[in-house]
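Enquirer: Just so you know, the protein sequences line up as chains X and R, in that order. Note that the first sequence covers residues 2 to 109 in the numbering used here. Note that the second sequence covers residues 7 to 120 in the numbering used here.
If you're looking for bench data, these hints aren't it; they were derived computationally from the structure. Fair warning: this is a prediction, and the values are worked out from it, not measured in the lab. Be careful, since some hints might not be right.
Claimed, not checked - Example chain X residues on the side facing chain R (calculated, C-beta under 8 Å, incomplete): (1) Pro9; (2) Gly44; (3) Gly102.
Unchecked claim - Here are the computed lysine-lysine pairs in the DSS-like style, where the Cα-Cα straight-line distance is at most 30 Å: (4) X:Lys96 x X:Lys43; (5) X:Lys68 x R:Lys63; (6) R:Lys20 x X:Lys43; (7) R:Lys15 x X:Lys43; (8) R:Lys63 x X:Lys96; (9) R:Lys63 x X:Lys3; (10) X:Lys57 x X:Lys43; (11) X:Lys71 x X:Lys96; (12) R:Lys63 x R:Lys77; (13) R:Lys77 x X:Lys96; (14) R:Lys63 x X:Lys43; (15) R:Lys77 x X:Lys43; (16) X:Lys68 x X:Lys57; (17) X:Lys71 x X:Lys57; (18) R:Lys63 x X:Lys71; (19) R:Lys15 x X:Lys96.
As the list claims (entries may be wrong) - Cβ pair distances, simulated, as ranges: (20) R:Asn36 x X:Ser69: 33 to 39 Å; (21) R:Thr13 x X:Asp67: 41 to 47 Å; (22) R:Pro89 x X:Ala18: 38 to 44 Å; (23) X:Asn56 x R:Ser86: 46 to 52 Å.
Beta carbons are placed, not taken as given, at the ideal position from N, Cα and C, and that holds for glycine.
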Amino acid sequence: QKEVEQDPGPLSVPEGAIVSLNCTYSNSAFQYFMWYRQYSRKGPELLMYTYSSGNKEDGRFTAQVDKSSKYISLFIRDSQPSDSATYLCAPAGNKLTFGGGTRVLVKP
Amino acid sequence: NAGVTQTPKFQVLKTGQSMTLQCAQDMNHNSMYWYRQDPGMGLRLIYYSASEGTTDKGEVPNGYNVSRLNKREFSLRLESAAPSQTSVYFCASSVASGGLDTQYFGPGTRLTVL
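Work out the full structure: start from the sequences and follow the hints.
Expert: Structure, rendered in structure tokens:
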């Protein structure tokens with residue numbers, strides 16, 4: 002079993018919709034939780050991170066962590082075509098562990 | 007600042023050939039990393055270097071060697087390329103702040119081994 006699991010998608014939504022991305026992990030030692038965004042043929046870039054269970058909001062993006070269920074979510078409100086990318090969850094303890102990523106397509 | 011740069015951007019090798027992938031960062035970061043990315047597998051750590059002069063194996067080190075030439079540069083060498091090493095290779099560097107280690111990635115090298 003992989004340490005971090007993500008549905009590969011693609012997840013296709015119309016512009017303006019809410020995008021909901023999920024990730025599960027197995028290692029209880031993970032202490033903080035990151036989301037990276039990767040555009041096609043580019044390197045990943047850090048989108049946001051959170052340390053604790055609960056929600057963290059940053060503009061149109063909300064990261065949610067449920068440590069008791071080992072479940073991580075990312076929500077994108079008012080999605081735009083420019084949000085079309087692959088989103089990688091990356092929980093971390095003393096090292097970063099990446100999920101396989103979910104490809105998101107936002108159609109105009 | 008250029009951030010993290012990688013050369014070459016693309017490379018095609020024949021089985022058994024060798025090559026070195028170059029990576030440099032201008033952010034004065036201590037730690038540097040090499041990952042490979044394959045469809046459905048996510049990013050897998052090959053080697054990392056916590057500081058100049060040190061290197062450690064990651065999840066998938068077999069078939070690779072690394073050199074931390076100085077604080078800026080971290081190279082990845084394939085001594086005898088195999089088709090299983092066809093992948094996209096990313097270099098990253100990181101800085102620790104408040105217990106959080108944020109990694110910054112280069113644009114990647116697309117390698118095909120025939």
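Enquirer: Which of the stated hints cannot be reconciled with the structure, identified by number in ascending sequence?
Expert: No numbers; nothing is violated.
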